[in-house]
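Please work from the sequences and hints to get the whole structure.
Protein chains in written order, with numbering that gives the first Met the number 0: chain A, 0 to 478; chain B, 0 to 478.
FYI, nobody ran anything at the bench for these hints, they're computed from the structure.
Keep in mind that a hint or two might mislead.
[Claimed, not checked] In silico lysine-lysine, DSS-like type, Cα no more than 25 Å apart, as pairs:
# : chain 1 : residue 1 : chain 2 : residue 2
1 : A       : K271      : A       : K251
2 : B       : K132      : A       : K131
3 : B       : K251      : A       : K199
4 : B       : K131      : A       : K131
There are 2 protein chains.
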Amino acid sequence: MIATAAKSAAPLYVTLADSLQGLVEQGTLRPGHRVPSVRRMALQRDVSISTVLQAYTVLENRGYLEARPQSGYYVRPRLPLDAPEPRMARPMAKASYVGVNDLTAEVVMRSAEPGLVPFGAACPDASLFPVKKLARFIGSAARSDAGALGRYAMNWAYEPLTREIARRYLHAGASLAHDELVVTIGCSEALNLSLRAVTKPGDTVAVETPAYFGILEIIQSLNLRVVEIPTDPRDGLSLEAFRDALERHEVKALFVMPAFQNPLGTCMPDEKKEALYELLAEYDVPAIEDDIYGDLHFSERRPKPLKAWDRDGRVLLCSSFGKTLAPGLRVGWVAPGRYLERVQRLKFTNTLGTPVVLQKTVSDFLRDGGYDHHLRSIRRAYQNQLHLFSQAILRYFPTGTRLSRPQGGFVLWVELPSRVDTLRLHGDALKQRINTAPGALFSVKDRYKNCLRMNCGLPWTPTVEAALKILGELAKGQL
Amino acid sequence: MIATAAKSAAPLYVTLADSLQGLVEQGTLRPGHRVPSVRRMALQRDVSISTVLQAYTVLENRGYLEARPQSGYYVRPRLPLDAPEPRMARPMAKASYVGVNDLTAEVVMRSAEPGLVPFGAACPDASLFPVKKLARFIGSAARSDAGALGRYAMNWAYEPLTREIARRYLHAGASLAHDELVVTIGCSEALNLSLRAVTKPGDTVAVETPAYFGILEIIQSLNLRVVEIPTDPRDGLSLEAFRDALERHEVKALFVMPAFQNPLGTCMPDEKKEALYELLAEYDVPAIEDDIYGDLHFSERRPKPLKAWDRDGRVLLCSSFGKTLAPGLRVGWVAPGRYLERVQRLKFTNTLGTPVVLQKTVSDFLRDGGYDHHLRSIRRAYQNQLHLFSQAILRYFPTGTRLSRPQGGFVLWVELPSRVDTLRLHGDALKQRINTAPGALFSVKDRYKNCLRMNCGLPWTPTVEAALKILGELAKGQL
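Here's what the structure looks like:
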């Protein structure tokens, strides 16, 4: 090694960094994988520990590695830097009632259909959830308090669970009391109750565009109107456009996903969240914050929820364990701020209570099931899958295809050349046993006809790659 | 025995019947208990089997015994024949929005509070549910299909469960296809989705009066108006008053509990259900039928649901296992007739799906858990408890107290002398650690101020009797 260093003009740690970078570029060290520990690498390459540390720091700065606390260094999944990102939408002239077409139901319904490649609904493969362990936890939760099955859960929340949720938010920078939380049937019920608490039928709600189609369906079912606010794939909701909408419409609430917005994957920067909160306060508008992807961050720290800036209880923070622990449990929550009593009352009328046995299951798992370890492992998996999906899409889809660069979560927003019609693509793909989520679902206006959202919650397999290739060919066939 | 028969002029079987009637009246044979089998009684009394059979038939006609198929003869719980029944309400001049007071929340919330005698909410004691067995079933349901935890339950219904529900309705006289059913989070969600499927905010819904206070809360939360239809404690909803309401209001739906109406316990006769259906058809109005107490019949046959007469899908049949198997599971259903697609869509937006592990638990229990045996045993228990509660109320409450005569279920409607204020009684009783459900909760008008609903789902104990005595004394103190 000394000889090598002497030959090159660069310091030893740079030489080492170059050599490792080569291994990443050749694919020997693969995205998402851990590189050897500092100690081991020092031994392997016969250099000092500090040289390895310097080399790893260089690679971190170059964007090839990332440090994860108490875990080591990992190869960072990277997108080709020149892949263009999707473009932001234009504002809406007036608020619209939602006319969601039957396609939403079809896409969602068929997402669990055996034999269909599930690119449609945003749901990771069941193999990524700790289902066997959870099944054991359910059994012991039921046996340890069988009496709970014989009672109505009319007190809404199982305290050990809400204490644990509050503790985790404190860690993420938002201080919540456990008794501010209402436990719901998944995030869906949390969103429903929140919208019902702050609006009356006929009211107008602002949503990011493109928007999670589920929220558009909920808004429709509650007879509310929508005004779509353009959202930048890089830093989220346009505050200028939102202010403009506040001036021009009687906006009664904002629905917003600051953490890894569905479908864009955007993470709103902290200063922007603060500014957004000030804007909400200025116009006295409540915000319904959907934080369901918050724990699926790729960078070191979990993003702070908008709720962290909430001084006067105007943020209704909604989430669930559906994307992290298990979608089948249907355990979610809402911290409704000043609307707590109203939401509790609505919870009572809507479903009375959330099954205590499932609340206890989640609570036990958070305490003893290795939840944080599991989170770290799925974050790595999702980041790696997003990387592989992105590469394949750039390879197989028509030239000119643009891709979002999600900073968390597991969905990708794909903008195809403008002549591609993703509704038609959806139909053609279904015939090939591939389910997709066409862009039209993500807006109440005629937008995103050449876009689609891709569920990258699926482990990379030849079937997945083949399906992406078929999709690309079908799209090319439209040009 | 021959000698005895010779002394009296009556035939032998009448003498035997008289003798057994004496044993019932002295309390040696107690209400709800099985009398010795025909064969055994013949042996005991040294008479022929046909004599015993004739004697039992006499006692059945006299109302002292009842035959239960494949089970034998039982002492029939009887109310003092002279106990007066509550009176029917007057019709409403115009439809009202619901202004449910905070008392509903209090009564319901405190129903699970330890140390309070739970006469308030309609919930049997947990000891009456097979909770330990259910806990085992939950564990094995979870382990046998752990994969289901990792998937969204977006297909709404677990087929083996819906097939079993449909089979049971067929037995009860209503023919349903399994795929007409939507599985919900308890009956609460079924009622919510049904109301939302057939109304818009501002619409008017007809309800029986007195009405289950939960439905009044749901109606309020959906911004609907109510018109209350007087309901006869003997045979249910007044068809004349309903026709009159249909003429005078734009009624968009009827909420009705033909089987053991909550709070009256009334069972609507078959011919009246048929006439009600014809009236609904004549005015083209849908009905939301709450059948949650249908399986808790005291007579031999389960009442046919109104749905059995439904020719054109206008009846939305709602129910759950909350009163029969376990309230904590939150598994209910709706057969929404012609509104199936709308209800499915609303289910998707409201809570996405009902946890499959709980659906499977119920389904497994219905198949292998001895559900019918369990049903028979709780029906006997409830009938017996209603008898004991009724007797104690007549003993301890002020003279002039009137009582409903439930033909199923486990709640009693108590009308006290008009000067008794049951809201005040509620407050006084709470100080003595007794929770009650005052009559005011059961109407949107100023009705039932001297009434209360009594939860008789509690096994008879000295504590229960003492609490009834205290209630009676508090009521007498108001006179």
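* **Hint consistency between K131 (chain B) and K131 (chain A) [alpha-carbon to alpha-carbon, up to 25 Å]** => holds, 22 Å
* Hinted pair K251 (chain B) and K199 (chain A), Cα distance within 25 Å -> holds, 20 Å
* **Hint consistency between K271 (chain A) and K251 (chain A) [alpha-carbon to alpha-carbon, up to 25 Å]** => Roughly 21 Å between the alpha carbons, so the hint for K271 (chain A) and K251 (chain A) holds.
* CA of K132 (chain B) to CA of K131 (chain A), is that 25 Å or under? -> Given that 25 Å is the threshold and the Cα spacing comes to 22 Å, the pair holds.
Taken one by one, the earlier hints all hold for this structure without exception.
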